[in-house]
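Visitor: All chains, please: the whole structure from these sequences, using the hints.
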Amino acid sequence: MKALLVGEYREGKLLGSTYETLAFAQKLGAEAVLFAVGSDSDLPRFDGKLYLADAGRYGEYNPPVHKALLLEVIAKEKPDLVVLSHSSYGWDLAPRLAAALGAAQVSEVVDVRDGAFIVPACNAKLRRQVRPKSSLTVVTLQTGAFGLPGEPVGTPAVERIEAQAEGNVEFVGYEPAEKGAVDLSRAEVIVSAGRGIGKPENVEIIANLARALGGELGASRPVVDAGWVDHSRQVGTTGQTVSPKLYVACGISGAIQHLAGMKKSGFVVAINKDKDAPIGEVADVLVVADVLQLAPVLTEKIKAL
Amino acid sequence: MKILVCIKQVPDMESRFKVNAAGTWYDTNDLAWRMNEYDEYAVEQAVQLKEQQGGAPEITVLSVGPERVKEAIKKALAMGGDRGVHVQDEASFEKDPFEIASIIAEYARGESFDLILTGMQSQDRGSAQVGVLVGEMLGIPAVTTIVGFALENGTVTAKRELEGGLKAVVRVRLPALFTCQLGLNTPRYPTLPNIMKAKKKELAALTVGDLLKVEAVAVTEKMALPEKKAGGLVLEGEIGELADKLIGILKEKTAVFKS
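Line order of the protein sequences matches chains B and X. Counting from 1, position 190 in the first sequence corresponds to residue 190 in this note's numbering; the numbering is continuous, with no gaps. Adding 1000 to a residue's 1-based position in the second sequence gives its number in this note's numbering.
The set of hints was computed from the structure by calculation and includes no laboratory data. Keep in mind that the hints are not guaranteed to be accurate.
[Stated by the list, open to error] Among chain X residues calculated to face chain B with C-beta under 10 Å, some are:
| no. | residue |
| --- | --- |
| 1 | Phe-1017 |
| 2 | Thr-1144 |
| 3 | Glu-1152 |
Even glycine gets a Cβ: it sits at the ideal position worked out from N, Cα and C.
Guide: The structure is reproduced here in structure tokens:
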């Protein structure tokens, strides 16, 4: 089986998600060929062929042109699978390839079983097994679902690739994330507030628990979007990815995007009224309780230690 | 100006899901249904645009599915949509994104919409494919994951949400399609007068058989509850006891209390 892996660059730097596609190919025992629109100043560590298109010329976001470049490589390499990360780049590009190739696309793959792909459904409360009917399949991989066992090594054999294609979207520029006062990536303990806390006034209860544990306050996306907590404290794919030694999720159901941001934490405690909340899948301990009742009691007992 | 908003009706995500008898989808009995959250941003954006342009644009709201999806269409009309199109399909949940997109594209092809808006993904299946597929099938530019939208002189300046809080600003000429992300706007609650007005708005019924001209390219073999993480401990009980137990576990498993 041959897999064409689509790497990603941002502002000239290769993104780590590229190695997740490599890990996926390895798991399948597939021959891997890499493609990226990027820069030879930051090549992936990979012993194989890399089709590299110049991002300086084609742009980092230029869907019809990236599609055209990829279709050229697909015509040459004839892969069985085209693999992208389920990222803002991957989910934007993948359907365009699928449409052009008449191929099935399977999104946000977390596992493979007998040639069928496993993907989450209903906010990760269910798992769906999908089998493509087309001979070529486009897949996008859930962030963090696949990972190389060790550090990547190697030097790619680079082949430059070009295409004549018209763009139809003008890229104006990036807008950086607001710099917050908090860098959660350094925190050893994070206690996060989710929608389950009910009201903005209750953020303080969670913040108190964070303080008692010597940690930082984090939050899930809905809480940040509602304006209850600053964006710099958001944990998840559109916020920060964290791996503290202790992560306490308070009233957080465990949407995929949140889990992707914290599932590599050392020890995970979830406090939730719902025993079946998806956060339970990554929690070492799930405490079934109303966090608004438990957190203050916990805080007092910890302070008395 | 003609705007098309594509919406999907999905179950409330707070529901406890069960697998259906065939083992291939979730059981649709006893579920509360609502408009897909991401499609609400699309409806709201269309209505805001209509208001900004003095009411001139005409908003068509389309949904594919059984009889109950008319409720979602009616909500969109109550938010400010002008007319609804219900593509009647009892088995919409069995169709893959390619089939759904193809049905929508077949409908839209003759209609010359200037702008198509839809959610970036559905809350139940979450494939994030239909929007872009429709754009490709109609041969118009498509931009996903927008959290900012401004139209001036036939050109849209949109903000895409990337990872880690980063955003990208892009410009596209209409006709174009956009998929909407959380943060784009705050969808309005329909007022009672608007709910009443919506009852009088046109809601056309189309037959899916007239629009579906392709076959599925993928099939859902199985739907199941995820396996619980091995070794995960579940604690239940009285608050004080839970607190003591949890502190005991933290002392044993972590160094959080060691100074």
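Visitor: Each hint needs a verdict: does it hold in this structure or not?
Guide: Tested hints:
{"no.": "1", "hint": "Phe-1017", "result": "5 Å, holds"}
{"no.": "2", "hint": "Thr-1144", "result": "4 Å, holds"}
{"no.": "3", "hint": "Glu-1152", "result": "14 Å, violated"}
Going through the hint list in order, the structure does not satisfy hint 3, though it satisfies all others.
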